[in-house]
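Below are the chains, spelled out letter by letter.
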Amino acid sequence: MCGSGKVGLIETPENVVVNDQPPQAQEEVKAEPLAQSAPEVQPQVSTPPLSHGVMVDSHEESSFVEIQFVQSPLDEIIGKKVKLNLSIFPSVSVGRSPENVLQIPDPSVSRMHGKITHEGKEFFFEDTGSANGTFIFDGSKFNEIKEKTKIEEKTLIKLGEGTIVKVTAVRSL
Amino acid sequence: MQDLYLVLPDYINDTIDRYIKSMGEPVPVKRISLQKGTVSFVGDTHGALDVTAFAMSSEANSDLICFVGDLVDRGKRQLFNLLYILEMAMISHKVIVVRGNHESTLTNEVYGFIEELQGFDIIEEVYPHILRLYGKLPYALYLDSGIVAVHGGIPQNALDLQNWNNLPMDDLEPLNTTAFEIMWNDPREFVDGFIPGTRGEGTFFFGPDAYYRFAERNKVKLFVRAHEVKKQGFEYYFNRKLISIFSSRYHKGKAAILRVNVEFPDKHEIAIVPEPPPGEEWVQWPGP
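These protein sequence lines are chains A and B, in that order.
Numbering of the first sequence is given in our numbering, commencing with residue 1 and proceeding in unit increments.
Numbering of the second sequence is given in our numbering, commencing with residue 174 and proceeding in unit increments.
Each hint should be verified, as a subset may be incorrect.
Unchecked claim - Below, in silico cross-link-like pairs of lysine-lysine (DSSO-like), each with a Cα-Cα straight-line distance of 30 Å or less:
hint: 1; chain 1: B; residue 1: Lys414; chain 2: B; residue 2: Lys267
hint: 2; chain 1: B; residue 1: Lys394; chain 2: A; residue 2: Lys80
hint: 3; chain 1: A; residue 1: Lys154; chain 2: B; residue 2: Lys414
hint: 4; chain 1: B; residue 1: Lys427; chain 2: A; residue 2: Lys80
hint: 5; chain 1: A; residue 1: Lys81; chain 2: A; residue 2: Lys115
hint: 6; chain 1: A; residue 1: Lys81; chain 2: B; residue 2: Lys403
hint: 7; chain 1: B; residue 1: Lys403; chain 2: A; residue 2: Lys80
hint: 8; chain 1: A; residue 1: Lys81; chain 2: B; residue 2: Lys427
hint: 9; chain 1: B; residue 1: Lys209; chain 2: B; residue 2: Lys309
hint: 10; chain 1: B; residue 1: Lys394; chain 2: B; residue 2: Lys309
hint: 11; chain 1: B; residue 1: Lys209; chain 2: B; residue 2: Lys427
hint: 12; chain 1: B; residue 1: Lys209; chain 2: B; residue 2: Lys414
hint: 13; chain 1: A; residue 1: Lys121; chain 2: A; residue 2: Lys148
hint: 14; chain 1: B; residue 1: Lys440; chain 2: B; residue 2: Lys427
hint: 15; chain 1: A; residue 1: Lys81; chain 2: A; residue 2: Lys146
hint: 16; chain 1: A; residue 1: Lys80; chain 2: A; residue 2: Lys154
hint: 17; chain 1: B; residue 1: Lys414; chain 2: A; residue 2: Lys141
hint: 18; chain 1: A; residue 1: Lys81; chain 2: B; residue 2: Lys414
hint: 19; chain 1: B; residue 1: Lys194; chain 2: B; residue 2: Lys267
hint: 20; chain 1: B; residue 1: Lys404; chain 2: A; residue 2: Lys83
hint: 21; chain 1: B; residue 1: Lys403; chain 2: A; residue 2: Lys83
hint: 22; chain 1: A; residue 1: Lys81; chain 2: B; residue 2: Lys404
hint: 23; chain 1: B; residue 1: Lys425; chain 2: A; residue 2: Lys81
hint: 24; chain 1: B; residue 1: Lys403; chain 2: A; residue 2: Lys141
hint: 25; chain 1: B; residue 1: Lys404; chain 2: A; residue 2: Lys80
hint: 26; chain 1: B; residue 1: Lys425; chain 2: A; residue 2: Lys80
hint: 27; chain 1: A; residue 1: Lys154; chain 2: B; residue 2: Lys403
hint: 28; chain 1: B; residue 1: Lys403; chain 2: B; residue 2: Lys249
hint: 29; chain 1: B; residue 1: Lys392; chain 2: B; residue 2: Lys267
hint: 30; chain 1: B; residue 1: Lys440; chain 2: B; residue 2: Lys403
hint: 31; chain 1: B; residue 1: Lys309; chain 2: B; residue 2: Lys414
hint: 32; chain 1: A; residue 1: Lys81; chain 2: A; residue 2: Lys141
hint: 33; chain 1: B; residue 1: Lys414; chain 2: A; residue 2: Lys80
hint: 34; chain 1: A; residue 1: Lys150; chain 2: A; residue 2: Lys115
No lab work stands behind these hints: they were computed from the structure.
Chain B extracted, bound-state conformation (with noise of 0.2 Å):
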């Protein structure tokens, strides 16, 4: 951290709160309306600074930009990826940022950011913001032409996406079961219904069955997730309704990002993130 002598935690907390103030009142689904244009998904970046700033360039052309969370944790700058996501959000007015499992008090102490944090000797000025921030981020994204961005996937209790409106803000682990479902379940292919997961107490798989009785019931079209390591940055599931996408290099996988046409969600690419070059330790920008 010797290249970074200079962290103002005053100045940290200041984008942390006009961010939260810029968001308005803390909505558990974030609602857009959007009849036609294209919005860009960026799965975890979880600290790959490189990639979130590779994607807003990428994507500037795009109507919305949406990080399905996990910004912090395991990277080399989680505080940084943060702020400088959140900065960009006020800046375009067209970055939304979705709540992931690692936008938790559960998971910063384990996988690096409390560490981060306390390597900076900020900690007890800056976490009470940053926390304050994970209470207000939104469980899902809900675009009224069919489309759904959550960070895990859908809760066993809770297959109508209206019940979602009801869940509690400021839960920080989240203690809500259907919060917690949503920020940490898993899709696989050949589950019937919810089984328990394998990664622990409370989170879930769940099956075709489940998800075509959630796509059915919310007319969604397609849905976006992230929370899992793909070896291609991607994987589809589903009959290719849903597509699970992460943009961290810090995990052996590659960064992916998701670009959907809002009118035929059917239509999208999916564009790699490139490879640093050799001996270089960010990825670049294309040249001039």
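So here's chain A without its partners, still in its complex pose (with noise of 0.2 Å):
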């Protein structure tokens, strides 16, 4: 009777909400596919540290990119601030599964959703394939992105079909 329909609630953490959505929303979703039909390497046992990308020390003198969750399936992160270092390596990985950088806890989110680059005195987004899509907001309304966008401070970047995130600072060194 809850049958909402939507594609990935099979793999839905107990402590994620689905909210209910207007009938057309919910067409829109489209299937991730299952983890035993993707012929890529499942996650390994021993995951890198967090502190690999996810700065800890903010005191360091690094380029990062700071990005605060305005929206997640997961009550508990919204709000919750990331700072991601760029200095190390010039590109991190975003996504549902445990390996990426940063990760999110999103049903809707692939995998391997996208990366953070730092280019130049530049950042940008850019969608590594996703199943749902990345876009970012330009005052009204979210704009799928296709290729490599440049982000900056404030700018809001919506992953899959039910996470928000802002950029709330940047630093290039």
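Hey, can you piece these two chains together into the complex? The hints should help.
Below is the structure:
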């Protein structure tokens, strides 16, 4: 009776809340291929420590992008800020699986969803072939990005169907 | 449904039609003048008839009990939850129903109410009356002490409460975007103004700046809304000036009831509806 028809519910963790949607919205969510059909390597048992790209010491001199979760199916992380260090590697991965530098707990976000890169003095977001897309807010609506797109302070990025992050600070050294 | 072997469409329609008649001239914003006393708010019940019954008992001393929408879909006793609330409203003269996004043709087919009515084999006879009811329910309750209750939130193009009085009634989806947003929008602490929501086309998140603008313009002291599952049954937003309340047990969260002193809206209580005893289906009233 609770069936919303929303694809991805099967892998929705207990604590993820999937809110009701008007019917037309549900049909737009595309299926993520299930794990067994994917030829890619399974996540390693020993995942790298979070700190390999997420900064813990804010005093160190490095280039970074700080993002804040504005919307997430997981209530607890709304408002959380994450500072991504782009000095060690000029590219950090974003996605649902644990091997990403920025892990997004949202069934509509792909395991490998996109990446944030640092080139020259600028930062970019690139969708790396996600199932449900990446969108950037233009002041009135979210537009899907098909290629590498510049991000700066205050940029709002929607990942998949249920997650919105805001760029709250950037620093390029 | 085998325990409900006798369902009479005429009897059901009579309840609905009498309730519509008792509402008088349908208005988009139901205004009530109440200078002191207590108002209780019940969020989405979604067929949780036991929670509704518990609330009617526990809030019996309140001057007003407002059900902030979503009486049907999802839960176990959707039709009976609706009928019980309507009958109680007529008996007690102090129950108000505000329309939720599930009092709509958009949602009933997908989320269970149509299925329940089909199971009773009464859909042809009863659903037209239910739709007529949906079209007559107010989108908002406004208490002149400065308390507003809606199902979803504030709409981006109508921050002036006066404009809500012109919203069309008998709009079953509704098609009017302001009415739609009042029933569908969600508050978010870290949003600036309004941004498109993640529920789909036409829904928005509104941030603190938008809310404070609305509150100041309309002299609103407390804003009550429902619409979102909360693990604790409720959540505060915007420096506790907005309270989100949820009252169904079918969504992995607690069912809460909000009690507000209309003279001092900051002074409110939140009661958590108890869980049913182990092995039991229903929430039980406190015994003698």
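Q. Are the Cα atoms of B/Lys209 and B/Lys309 separated by 30 Å or less?
A. Cα-Cα ~28 Å, so holds.
Q. Between A/Lys81 and A/Lys146, is the straight-line Cα distance small enough, at 30 Å or below?
A. holds (26 Å)
Q. Straight-line Cα separation of B/Lys425 and A/Lys81 no greater than 30 Å?
A. holds (27 Å)
(Q) Just to be careful, I want the Cα atoms of A/Lys81 and B/Lys404 compared with a cutoff of 30 Å; is the pair within it? (A) holds (22 Å)
Q: Quickly compare the C-alpha distance for A/Lys154 and B/Lys414 to 30 Å and report which way the hint goes.
A: holds (26 Å)
(Q) Check whether the Cα positions of B/Lys440 and B/Lys427 lie no farther apart than 30 Å. (A) With Cα atoms ~22 Å apart, B/Lys440 and B/Lys427 stay inside 30 Å; holds.
Q) Does the structure keep A/Lys81 and B/Lys414 at a Cα separation of 30 Å or less? A) holds (24 Å)
Q: Take the C-alpha atoms of A/Lys81 and A/Lys115, compute the straight-line distance between them, and say whether it is at most 30 Å.
A: Roughly 17 Å separates the two Cα atoms, so the pair holds.
Q. Are B/Lys403 and B/Lys249 close enough, with their CA atoms no more than 30 Å apart?
A. Satisfied, since the Cα-Cα distance of roughly 20 Å is no more than 30 Å.
Q: Sort out whether A/Lys80 lies within 30 Å of B/Lys427, counting only the CA atoms.
A: holds (24 Å)
**Q.** Holds or violated: B/Lys392 to B/Lys267, with C-alpha atoms at most 30 Å apart
**A.** With Cα atoms ~24 Å apart, B/Lys392 and B/Lys267 stay inside 30 Å; holds.
Q.
Between the alpha carbons of B/Lys440 and B/Lys403, is the straight-line distance 30 Å or under?
A. Roughly 21 Å separates the two Cα atoms, so the pair holds.
Hint check: no violations occur; every hint is consistent with the structure.
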